Amino acid sequence: DTGVSQNPRHKITKRGQNVTFRCDPISEHNRLYWYRQTLGQGPEFLTYFQNEAQLEKSRLLSDRFSAERPKGSFSTLEIQRTEQGDSAMYLCASSLYSNQPQHFGDGTRLSIL
Amino acid sequence: SQKIEQNSEALNIQEGKTATLTCNYTNYSPAYLQWYRQDPGRGPVFLLLIRENEKEKRKERLKVTFDTTLKQSLFHITASQPADSATYLCALDPPGSQGNLIFGKGTKLSVKP
Chain A
182 DTGVSQNPRH
192 KITKRGQNVT
202 FRCDPISEHN
212 RLYWYRQTLG
222 QGPEFLTYFQ
232 NEAQLEKSRL
242 LSDRFSAERP
252 KGSFSTLEIQ
262 RTEQGDSAMY
272 LCASSLYSNQ
282 PQHFGDGTRL
292 SIL
Chain B
957 SQKIEQNSEA
967 LNIQEGKTAT
977 LTCNYTNYSP
987 AYLQWYRQDP
997 GRGPVFLLLI
1007 RENEKEKRKE
1017 RLKVTFDTTL
1027 KQSLFHITAS
1037 QPADSATYLC
1047 ALDPPGSQGN
1057 LIFGKGTKLS
1067 VKP
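If you read the protein sequences in the order shown, they are chains A and B.
Heads up: the first sequence begins at 182 in the working numbering, then just goes up one per residue.
Heads up: the second sequence begins at 957 in the working numbering, then just goes up one per residue.
Simulated from the structure, these hints should not be mistaken for lab results.
Keep in mind it's a predicted model, so treat the numbers as computed, not measured.
There could be a bad hint or two in this list.
Heads up, simulated EDC-like pairs for lysine to aspartate or glutamate below, C-alpha to C-alpha not over 20 Å straight-line [unchecked claim]:
no.	chain 1	residue 1	chain 2	residue 2
1	B	K1064	A	E225
2	A	K252	A	E209
3	B	K1061	A	E225
4	B	K959	A	E225
5	A	K238	B	D1049
6	B	K1068	B	E971
7	B	K1019	B	E1008
8	B	K1061	A	E259
9	A	K238	A	E249
10	B	K1011	B	D1023
11	A	K238	A	D267
12	A	K238	A	E225
13	B	K1027	B	E961
14	B	K1061	A	D267
15	A	K192	A	D205
16	A	K195	A	E249
17	A	K192	A	E264
18	B	K1064	A	D205
For reference, chain A alone in the conformation it holds in the complex (with noise of 0.2 Å):
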């Protein structure tokens, strides 16, 4: 079990840059799930794949965020357009079945110049 891989650990950019993170979850999850976290609160739901099937979004995931997880492996999440408030902590988890704890990367913080 070598956990779940988030690449890269930081990211600074420009307003209005695209941007785009990796998640390598544990090898035998079904489930991969997006958080974003901001300062001071906790993780806030993104989306989650079930295999290669992207089955939910929150309204947070605006139409600039798409999220993918080609033949069910690691899934990458990108952000076009980037704004100041797209500053935050990206936190991939991903687990066995629902229902189930949930395994933590420790994430990418993206910073927006």
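Assemble the complex: chain A is given as a structure, and chain B must be docked to it using the hints.
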């Protein structure tokens, strides 16, 4: 909408004492509730999961209770140590959830030697 409240933003205790953290929720009854630990700059780490039909769960020095009448969970750390200092997050499954979680803001625990 579903709301979670963790009793305080910060809790300071002396080493060796029992830390008790509170999580209150409103508007519905979750099927289960989870507790996570988060250290600065890291992702949350799963600690305990308790289901609606369970009153209490233990793991080493940790104990969680779940009172569905009071809509409250208590998280206890006995014989606390400075290494227990971290932010502790309460999370539950919102209505209609297929696995995504709603998190509280967390309680920052500091254990002084």
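Okay, the hints, checked on the actual structure:
| no. | hint | verdict |
| --- | --- | --- |
| 1 | B:K1064 - A:E225 | 18 Å, holds |
| 2 | A:K252 - A:E209 | 13 Å, holds |
| 3 | B:K1061 - A:E225 | 10 Å, holds |
| 4 | B:K959 - A:E225 | 12 Å, holds |
| 5 | A:K238 - B:D1049 | 15 Å, holds |
| 6 | B:K1068 - B:E971 | 6 Å, holds |
| 7 | B:K1019 - B:E1008 | 15 Å, holds |
| 8 | B:K1061 - A:E259 | 26 Å, violated |
| 9 | A:K238 - A:E249 | 12 Å, holds |
| 10 | B:K1011 - B:D1023 | 7 Å, holds |
| 11 | A:K238 - A:D267 | 17 Å, holds |
| 12 | A:K238 - A:E225 | 12 Å, holds |
| 13 | B:K1027 - B:E961 | 11 Å, holds |
| 14 | B:K1061 - A:D267 | 19 Å, holds |
| 15 | A:K192 - A:D205 | 17 Å, holds |
| 16 | A:K195 - A:E249 | 24 Å, violated |
| 17 | A:K192 - A:E264 | 14 Å, holds |
| 18 | B:K1064 - A:D205 | 29 Å, violated |
Against the hints set out earlier in the document, violations occur for numbers 8, 16, 18.
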